[in-house]
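Make the full structure from the sequences, and use the hints.
Numbering (the working numbering), first residue to last: 2 to 151.
Don't take each hint at face value.
Pairwise CB distance ranges (calculated) [claimed, not checked]:
| no. | residue 1 | residue 2 | range |
| --- | --- | --- | --- |
| 1 | S67 | S117 | 45 to 51 Å |
| 2 | R99 | R36 | 24 to 30 Å |
| 3 | L72 | E106 | 29 to 35 Å |
| 4 | S117 | L12 | 53 to 59 Å |
| 5 | M82 | G62 | 25 to 31 Å |
| 6 | Y29 | L49 | 16 to 22 Å |
| 7 | I8 | L75 | 15 to 21 Å |
| 8 | T4 | R99 | 48 to 54 Å |
| 9 | Q115 | L49 | 31 to 37 Å |
| 10 | W68 | A105 | 29 to 35 Å |
In case anyone wonders, no lab produced these hints; they're calculated from the structure. Source: prediction; values computed, not measured. Every residue gets a Cβ at the ideal spot worked out from N, C-alpha and C, and that includes glycine.
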Amino acid sequence: MATAALIVSLLVAAVGIATGAWGSWLWYRFDAANRYWIAIRATQTGALLLALLAGAVWVAGKHPDSWLFWLYTLLPIAVSMIAEQLRVVAAEQVLERRGLSGAAEVAELDAAAQRSVVREIVRREVGVMTAAALVIGFLALRVAVERGGL
Numbered sequence: 002m003a004t005a006a007l008i009v010s011l012l013v014a015a016v017g018i019a020t021g022a023w024g025s026w027l028w029y030r031f032d033a034a035n036r037y038w039i040a041i042r043a044t045q046t047g048a049l050l051l052a053l054l055a056g057a058v059w060v061a062g063k064h065p066d067s068w069l070f071w072l073y074t075l076l077p078i079a080v081s082m083i084a085e086q087l088r089v090v091a092a093e094q095v096l097e098r099r100g101l102s103g104a105a106e107v108a109e110l111d112a113a114a115q116r117s118v119v120r121e122i123v124r125r126e127v128g129v130m131t132a133a134a135l136v137i138g139f140l141a142l143r144v145a146v147e148r149g150g151l
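Laid out in structure tokens, this is it:
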């Protein structure tokens, strides 16, 4: 079980940190690649794998040396859920700050203003999801450290 925890946690950490680094670059460049969102979903899938790992440990009756194992395996799910909610808030904040109530009002803007709104929303979303990916990667590294006793 300890070997499985090590492999899964290192895999999730690698994907999360790589996605976070890529997202940081995209955020800096005001860019958004469609493949980035696939990497974000892969990171979130990794968070689910960590939670399933915790479930397997629980069902197997194993007891890690530290309660932090449970925290580090389950917290990435919460981080993913909070990040998704913050994406919604980010879009609402951009529209509210510009005095727009929704997509219908954005459609009435000229093309340059529409692109500006969309780029700002996407940049905020990339920033939120990048932070989440980095946190998930860090927590996965902590699982590798706290797996003792499995």
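Evaluation of the provided hints:
no., hint, verdict
1, S67 x S117: 45 to 51 Å, "49 Å, holds"
2, R99 x R36: 24 to 30 Å, "29 Å, holds"
3, L72 x E106: 29 to 35 Å, "43 Å, violated"
4, S117 x L12: 53 to 59 Å, "39 Å, violated"
5, M82 x G62: 25 to 31 Å, "28 Å, holds"
6, Y29 x L49: 16 to 22 Å, "29 Å, violated"
7, I8 x L75: 15 to 21 Å, "19 Å, holds"
8, T4 x R99: 48 to 54 Å, "52 Å, holds"
9, Q115 x L49: 31 to 37 Å, "35 Å, holds"
10, W68 x A105: 29 to 35 Å, "50 Å, violated"
Checked against the numbered hints listed earlier, the structure breaks hints 3, 4, 6 and 10; every other hint is satisfied.
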